[in-house]
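Trainee: Spelled out from the first residue to the last, the chains are:
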Amino acid sequence: AQRVTQPEKLLSVFKGAPVELKCNYSYSGSPELFWYVQYSRQRLQLLLRHISRESIKGFTADLNKGETSFHLKKPFAQEEDSAMYYCALRQGFKTIFGAGTRLFVKA
Amino acid sequence: GAVVSQHPSRVICKSGTSVKIECRSLDFQATTMFWYRQFPKQSLMLMATSNEGSKATYEQGVEKDKFLINHASLTLSTLTVTSAHPEDSSFYICSASQGLGGGEQFFGPGTRLTVL
Numbered sequence: 001a002q003r004v005t006q007p008e009k010l011l012s013v014f015k016g017a018p019v020e021l022k023c024n025y026s027y028s029g030s031p032e033l034f035w036y037v038q039y040s041r042q043r044l045q046l047l048l049r050h051i052s053r054e055s056i057k058g059f060t061a062d063l064n065k066g067e068t069s070f071h072l073k074k075p076f077a078q079e080e081d082s083a084m085y086y087c088a089l090r091q092g093f094k095t096i097f098g099a100g101t102r103l104f105v106k107a
Numbered sequence: 108g109a110v111v112s113q114h115p116s117r118v119i120c121k122s123g124t125s126v127k128i129e130c131r132s133l134d135f136q137a138t139t140m141f142w143y144r145q146f147p148k149q150s151l152m153l154m155a156t157s158n159e160g161s162k163a164t165y166e167q168g169v170e171k172d173k174f175l176i177n178h179a180s181l182t183l184s185t186l187t188v189t190s191a192h193p194e195d196s197s198f199y200i201c202s203a204s205q206g207l208g209g210g211e212q213f214f215g216p217g218t219r220l221t222v223l
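In order, the protein sequence lines correspond to chains A and B. Under our numbering, the first residue of the first sequence is numbered 1, with each subsequent residue one higher. Under our numbering, the first residue of the second sequence is numbered 108, with each subsequent residue one higher.
Note that these hints are calculated values from the structure, not bench results. Mixed in with the good hints, there may be bad ones.
[Stated by the list, open to error] To give a feel for the contact side, a few chain A residues facing chain B, derived at Cβ under 10 Å:
1) K9
2) Q38
3) Y39
4) Q42
5) T95
6) F97
7) A99
[Unchecked claim] Lysine to aspartate or glutamate pairs mimicking DMTMM-like chemistry, simulated, CA-CA at most 25 Å apart:
8) A/K94 / B/D134
9) B/K121 / B/E170
10) B/K148 / A/D81
11) A/K94 / B/E170
12) A/K94 / B/E166
The C-beta atom is built at its ideal place from N, Cα and C for all residues, glycine as well.
Chain B with its partners taken away, still in its complex shape (with noise of 0.2 Å):
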């Protein structure tokens, strides 16, 4: 099947500053990416969908200044922490399709960020 990745797959950092996470889809071309946040314990929350080329949407609720998402290409996509701090930190995952977010999800392994 088709394989994501994502990297780093944990970073801790310093209240303040900002931590990149990348998604990579290694052998098929992701029309669409999302990103997740999952809380311990609870459910995966879509933060934003991007399509290659054009702007990410965000979710209500999450703020597009502090988590900016790049889909430069049709294999990768960046997620940027900007300015972070404790309650930012959580797993991070992101998901790709090869459709215009119609197809099949395919997941990475999450990025556990912790912010000191």
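Chain A extracted, bound-state conformation (with noise of 0.2 Å):
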């Protein structure tokens, strides 16, 4: 079945400190995978696609077939940064949440 697990529900790091996301999935086609974020008291957007191959707010995710990961990267945390972040994946219509995990960036 197809699944999505961000293992981590809680994340916490400094302000200028590297943050590594984790996302794996399960899946038996070619994913389609995506990071959403919420910040607060906001709605759910996209932050980044794989298919993009883009960096947005310093943000990138790297695609790993071998190791079915997504995980969301940013060298340099700001506190600004700190929302709740969903990995998801596509199957034809339909998108497939992950769990989400809070990240909190302390001064």
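Each chain sits in its own coordinate frame; assemble them with the hints.
Mentor: Dropping the structure here:
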């Protein structure tokens, strides 16, 4: 069955420290993976998608098919990065979300 | 970017009543709309996918007679929770995309339903 796993519910780092939010998936076909972010009191919004290979707000994510992972990384965390992050996999019309990781960046 | 609104943002109702939640795409035509449910501290669970003018496709375990979805126009989809019970209390979120499910999804702000 298709599944997205985010093993960490909460990740707390100091400002300026590197950040890695883990995401693993199980999918039999070629996955289309995304990271969504939800800032406090705001709606869910797309952060980045693997096919774009882009860096958004300093974040990058590389699809590793061998490890079935799509970890989100940022070399230097900022306080404004504090938010809820969801890894997601698209299967046809459906998007399957992970449980989410709350990132807290301390001053 | 594209904007999706939901109304109401919060609703409290008595057990046994029905509640309608609206989802509107404000500046684009949404060919496909999705309805999700989110329990506290849990992920979004897809309830159903609706394409404009056709019947919604419900996920396994979601009662289509209880959660009525109507996508009558390219800018409006409604979710009606019929005969609501306390266990239906949850956060309901809609999203919309321009393509037939393949385009970027834009999310609404969500509706908090509390059934007493």
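Trainee: Next, verify each hint and record whether it holds.
Mentor: Each hint tested on the structure:
Annotation: A/K9 was flagged as interfacial toward chain B, and the flag holds, the nearest CB pair being 8 Å apart, inside 10 Å. Because the closest C-beta pair between A/Q38 and chain B is about 9 Å apart, less than 10 Å, the hint holds. Contact between A/Y39 and chain B, as hinted, is not supported at the beta carbon level, the nearest pair being about 12 Å apart and thus beyond 10 Å. Given hint, A/Q42 at the interface with chain B, holds; its Cβ is 8 Å from that chain's nearest Cβ, closer than 10 Å.
The beta carbon of A/T95 comes within 7 Å of a beta carbon in chain B, closer than 10 Å, and the hint placing it at the interface holds. Checking A/F97 against chain B by beta carbon gives a least distance of about 5 Å; that is within 10 Å, so the hint holds. Annotation: A/A99 was flagged as interfacial toward chain B, and the flag holds, the nearest CB pair being 5 Å apart, inside 10 Å. About 23 Å separates the Cα atoms of A/K94 and B/D134, which keeps this hinted pair within 25 Å; it holds.
Our distance criterion of 25 Å between C-alpha atoms is met by B/K121 and B/E170, whose separation comes to about 20 Å. Of the pairs offered as hints, the one joining B/K148 and A/D81 holds, with about 19 Å between alpha carbons and a cut-off of 25 Å not exceeded. For the suggested pair A/K94 and B/E170, the alpha carbons sit about 18 Å apart, so the restraint of at most 25 Å is met. With a CA separation close to 10 Å, the supplied pair A/K94 and B/E166 stays within the 25 Å bound.
Of the numbered hints listed earlier, the single one contradicted by the structure is hint 3.
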